[in-house]
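Undergrad: What follows is the residue order along each chain.
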Amino acid sequence: MSEALLRVEGLKKHFPVRSGVFSRISGYVQAVDGIDFSIARGDTYGLVGESGCGKSTAGYTITRLLSPTEGAVYYQGKNLFDLNAAGIRQARRNIQIVFQDPYSALNPRKSIGDAMKELLAVHGMGRGAEAKEKVREVLQTCGLAPYHYGRYPHEFSGGQRQRIVIARALILNPQFIVADEPISALDVSIQSQIINLLERLQDEFHLTYLFISHDLGVVKHISDTVGVMYLGRLVEEAPKQEFFARPLHPYSKALISAIPVMDPRRKIDRIILSGDVPSPANPPAGCRFHTRCPEAVQRCSIEEPALRCIAADHRVSCHLVEG
Amino acid sequence: MEQLSEASLQQGIKQREKGESEYRLVWKHLSRNRTAVLGMIVIASFILLAVFAPLLATHDPISTDLGNALQGPSSDHYFGTDELGRDLFSRMLFGARISLNIGLISVGIGLLFGIPLGALSGYYAGKLDLVIQRIIDIMIAFPGILLAIVVVTVLGVGVQNVMIATGIASIPIYARLVRGSVLSVKKQGYITAAKAGGMRDSRIVFFHILPNCIGPIIVQSTFQVATAILWAAGLGFLGLGAQPPTPEWGAILSRGRGYMRVAAYLTTIPGVAIFLMVLGFNLVGDGLRDALDPRSRNY
Numbered sequence: 000m001s002e003a004l005l006r007v008e009g010l011k012k013h014f015p016v017r018s019g020v021f022s023r024i025s026g027y028v029q030a031v032d033g034i035d036f037s038i039a040r041g042d043t044y045g046l047v048g049e050s051g052c053g054k055s056t057a058g059y060t061i062t063r064l065l066s067p068t069e070g071a072v073y074y075q076g077k078n079l080f081d082l083n084a085a086g087i088r089q090a091r092r093n094i095q096i097v098f099q100d101p102y103s104a105l106n107p108r109k110s111i112g113d114a115m116k117e118l119l120a121v122h123g124m125g126r127g128a129e130a131k132e133k134v135r136e137v138l139q140t141c142g143l144a145p146y147h148y149g150r151y152p153h154e155f156s157g158g159q160r161q162r163i164v165i166a167r168a169l170i171l172n173p174q175f176i177v178a179d180e181p182i183s184a185l186d187v188s189i190q191s192q193i194i195n196l197l198e199r200l201q202d203e204f205h206l207t208y209l210f211i212s213h214d215l216g217v218v219k220h221i222s223d224t225v226g227v228m229y230l231g232r233l234v235e236e237a238p239k240q241e242f243f244a245r246p247l248h249p250y251s252k253a254l255i256s257a258i259p260v261m262d263p264r265r266k267i268d269r270i271i272l273s274g275d276v277p278s279p280a281n282p283p284a285g286c287r288f289h290t291r292c293p294e295a296v297q298r299c300s301i302e303e304p305a306l307r308c309i310a311a312d313h314r315v316s317c318h319l320v321e322g
Numbered sequence: 000m001e002q003l004s005e006a007s008l009q010q011g012i013k014q015r016e017k018g019e020s021e022y023r024l025v026w027k028h029l030s031r032n033r034t035a036v037l038g039m040i041v042i043a044s045f046i047l048l049a050v051f052a053p054l055l056a057t058h059d060p061i062s063t064d065l066g067n068a069l070q071g072p073s074s075d076h077y078f079g080t081d082e083l084g085r086d087l088f089s090r091m092l093f094g095a096r097i098s099l100n101i102g103l104i105s106v107g108i109g110l111l112f113g114i115p116l117g118a119l120s121g122y123y124a125g126k127l128d129l130v131i132q133r134i135i136d137i138m139i140a141f142p143g144i145l146l147a148i149v150v151v152t153v154l155g156v157g158v159q160n161v162m163i164a165t166g167i168a169s170i171p172i173y174a175r176l177v178r179g180s181v182l183s184v185k186k187q188g189y190i191t192a193a194k195a196g197g198m199r200d201s202r203i204v205f206f207h208i209l210p211n212c213i214g215p216i217i218v219q220s221t222f223q224v225a226t227a228i229l230w231a232a233g234l235g236f237l238g239l240g241a242q243p244p245t246p247e248w249g250a251i252l253s254r255g256r257g258y259m260r261v262a263a264y265l266t267t268i269p270g271v272a273i274f275l276m277v278l279g280f281n282l283v284g285d286g287l288r289d290a291l292d293p294r295s296r297n298y
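Quick mapping for you: the protein sequence lines, in order, are chains S and Y. Using numbering that gives the first Met the number 0, you'd call the opening residue of the first sequence number 0 and step up by one each time. Using numbering that gives the first Met the number 0, you'd call the opening residue of the second sequence number 0 and step up by one each time.
Just chain Y, with the same shape it has in the complex (with noise of 0.2 Å):
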């Protein structure tokens, strides 16, 4: 069997190496992928929108017009005003800015610290882990957002703050979700054998065993990008994250909630750009996963 099939690819069927680099193969995969390839435009769009936001606006984001409250969207206002007459339309466009941030840098502070925590109590087991998962139980019992709320108390009120609070408040999710997979990924045969090639113990954890858990934890972190921006519009209402005027969606989307029956775009506008936003990570993050994985990779 094996002699036949060996012959029959020395017959130039795949003679040829493959020599690309993973980066390229990655790449070649995402961009043939139809959802990945809408996933990136969206992406792409919000931030252009965020980065030009100055030369879009039509209008100042923060000054009021209380003769204008309320407007529906019109050739002015595209997106209609808010109860202080603000152009929603300039508001968004700044928001994107914050929001985009929020969402990006607390989910990358979540895996910077969520990832190495998770994988050293997986990896090490014992006491180590003991303590590692005792310290996320008690992370764990509050609520995200209350944890949250306590760690902008402590650092104070402000955006940044606000970023790094949902950040911290999303850590315990991604330890436990690293360390799961680096308790099913270290039983592995390949683990043993990298091991019996003499590799150093970090070698395994961050070359072979992280690489193997890569699928949850972009699945994971697609869904903490939206998390993360309401998460910022919760604290924002309770007047410890942007604080007004700061254009910010989940602000906006929050305070919009109470004129839900005379203007109802103040709520649906921010809150389509947070559904369609959180919509390209995720398609983009399963495109990744995919593309990623060399067994679904097909040439």
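So that you can see chain S by itself, here it is in the shape it has in the complex (with noise of 0.2 Å):
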């Protein structure tokens, strides 16, 4: 493993709920509530669990789209959560984000060369013909063709409006990618290109990703490390491989039996787990996983879990990991 580009260490995000007449704050939604990992340059880190578990909003606050209500978040050794706004503007050359709906995440008035042309004039990376040219590029490596430069988002399909946003996010020449579930609103048939994409440009320009999705059969195929999250926890972390040979976690578990087979003659035991996710306003004590655990002992509802490293970067927040 080599040195680690980005760490993010005890990250939490809450969002105050107002109520009343007089919008106090009766409380919290603990969307992040502390969690830890770090990322290796050239790696992909896949950080996965159900909708409402915070891998967005840990995404978001670790580009600092939302200000981060504790924790560090070091990128190079440096803690951008220390940085002021200019410091902030700066560092988003290096530190770049793909949307999850690529609908919503171009601006219908603008055409995307411009657009493009705009961040490099922002960055101070390039005008007029320079700019032009380095935005065709750009559109070329990602597979769009360098005539789009004119075009309007409303021209595009939604295949070709996730590869401008794609492009968009690699005109700044940036290290590291945020990939907020970046296929989920295409089309099956078009999530293939987009992944192979990612992939391809990965290669090309040592990029680095936090690559989040609630699809573990993507995951499994694009991260070198994978990250569960459960309610704002994350409860393991392993290497691709050991994650998906050996899941410890029983949540992991539910959720690897739950990826679809190929072969529909073979039988698989699919962990079918009960109920649904507790509010995030108000987490049940204990292990967070304990109402829903079909393994759960009376300590899971008293005493909370720490992440444990079980074997070589194996984390797993578990009582009943041997370890």
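If you are wondering where the hints come from, they were derived from the structure by calculation, not from laboratory data. Glycine included, every Cβ here is placed at the ideal spot set by N, Cα and C. Treat the hints with care, as some may be off.
Unchecked claim - Some but not every residue of chain Y turned toward chain S, in silico, with C-beta under 10 Å:
hint	residue
1	E21
2	W26
3	S30
4	G188
5	I190
6	A192
7	A195
8	G197
9	M198
10	R202
11	P210
12	I213
13	P215
14	D289
15	L291
Two chains, each in its own frame: build the complex with the hints.
TA: Here it is in structure tokens:
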């Protein structure tokens, strides 16, 4: 494992819940409640979990699109949360994000070329014909044609739009890209194209990805390391091979058992979780997963398990795992 | 699917790059829109009439001729004469100068202050929003005309002050309108994307949010031209606006009201003129709104 490009420490993001006439703060939604992980340069870290577990919030907070409640994010050794507004703007050159919904992520009133050229101008990375040339180049790299420069977003299909979103993220030559469910809004037939594009770009430009997804199949394909989130906490983290071969946390096991298998004759033992995810505004005491855990014992509802290292690079937070 | 469409594109259907500038595209679309062209012709005619009023006028717009009062339209007095025997045609021509100015300048003032106020309020939300909105609540609590009266009282009577007053009175309308649009646009993904691109707030507001709010602003502005002219007329009627004998459309209209039975043309003609001017601005505004939206432009 090479050096860590990005290290997240004790990241918390709580959203205040306001109620009543005077909008007093009556509680907090603990969307992300203390997560730590690090991503090595050139790696892809797959962050998975079901809807509402805080994975996207984590991505947005790491990129400072949301202001953090607590914690630190070290990017190349510098804490991003210590930067002032100008510092953040500068850091954005290296840290980009690919959005989930390519339909809303593009300004309908700007031609895609002009939108990308504007980014270059804002960061002092070129103007005029030179910038235009660079935009065309990046468009081509992302599987679009240079003559698409003057077109508007509504003239493109969903898959093409996501290519544009990726091209826009790439135009500033970033090193780190947060991909926030980049394929979940796309047609299945297009998804693999976008995944392949992301992989090709990673090789070509030595990018580091934080890949946020709820699709374990895709994460299995693209990630080097997998982190599983549940209700704002990281419950298990392991290198990909290890994770899929030997999942330890009951939640991970349940998730993996739910991946569809290509062979209809093969029987798999699905672990069906009962109930819904508890509200992050009022998470259960003890282990956050104990309300739905098929293996829960009494201790789980009282004592909160810590994220422990079980084997090399394999961390899990469960009382039942021997380590 | 995608490969297919890509391939068909490459076969040369639309291979040319669209390199035309935004202004030219807007103009191209606008000039192909028949109703917008009609509107532009109407406005251009009014402007020409106003500019060349001294050349076109047949009589002195303010000299009275009591022996000739309330004469219907004739070859000498195209639009007839008013209760003091002044030539209505000439008065309408010179009145066009004042009324056009009132309409445009008051809308200009409203936009100049209303847009930034609304944008600040909507974009930054929080306490600033609260303060601005309460001030606007207070302004909106008075009917526009009453607010204009207050401003004129403070500034003093006169046509210029009427323009300022009607402008100020329309600020809260724009501020509310813009705030609402900004609130909805700033939640869009592309605004987050602009932020993620490292852009300053000012750039995001002026180059990303406001262009996406332009539709309602344009529509409101075109209506506001008419409202301003009517407010100015009301102020004139109360003796706070254009003072007699200044020819101003609203003033002509309201003075003619007393003679509706004997000389209907005294109200009909300025009424139709105001209507046509508002219609012109409306048609152009509508066309402009469509032309500025890439989604409704087809090539």
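Undergrad: Next, verify each hint and record whether it holds.
TA: Hint by hint, here is what the structure shows:
1. E21: Holds: closest Cβ of chain S sits about 8 Å from E21 of chain Y, inside 10 Å.
2. W26: The hint is violated - W26 of chain Y has no Cβ within 10 Å of chain S, the shortest such distance being about 16 Å.
3. S30: Not OK, violated: S30 of chain Y not within 10 Å of chain S, min 20 Å.
4. G188: 4 Å, holds
5. I190: For I190 of chain Y, the interface hint holds, since the closest Cβ of chain S sits about 8 Å away, which is under 10 Å.
6. A192: Check passed: Cβ of A192 of chain Y comes within 5 Å of chain S, closer than 10 Å.
7. A195: 5 Å, holds
8. G197: Because about 3 Å separates G197 of chain Y from the closest Cβ in chain S, which is inside the 10 Å limit, the hint holds.
9. M198: OK, holds: M198 of chain Y within 10 Å of chain S, min 5 Å.
10. R202: 7 Å, holds
11. P210: Holds. Min distance 5 Å.
12. I213: Holds. Min distance 8 Å.
13. P215: 15 Å, violated
14. D289: Since the shortest Cβ distance to chain S is 13 Å, the answer is violated.
15. L291: Check passed: Cβ of L291 of chain Y comes within 8 Å of chain S, closer than 10 Å.
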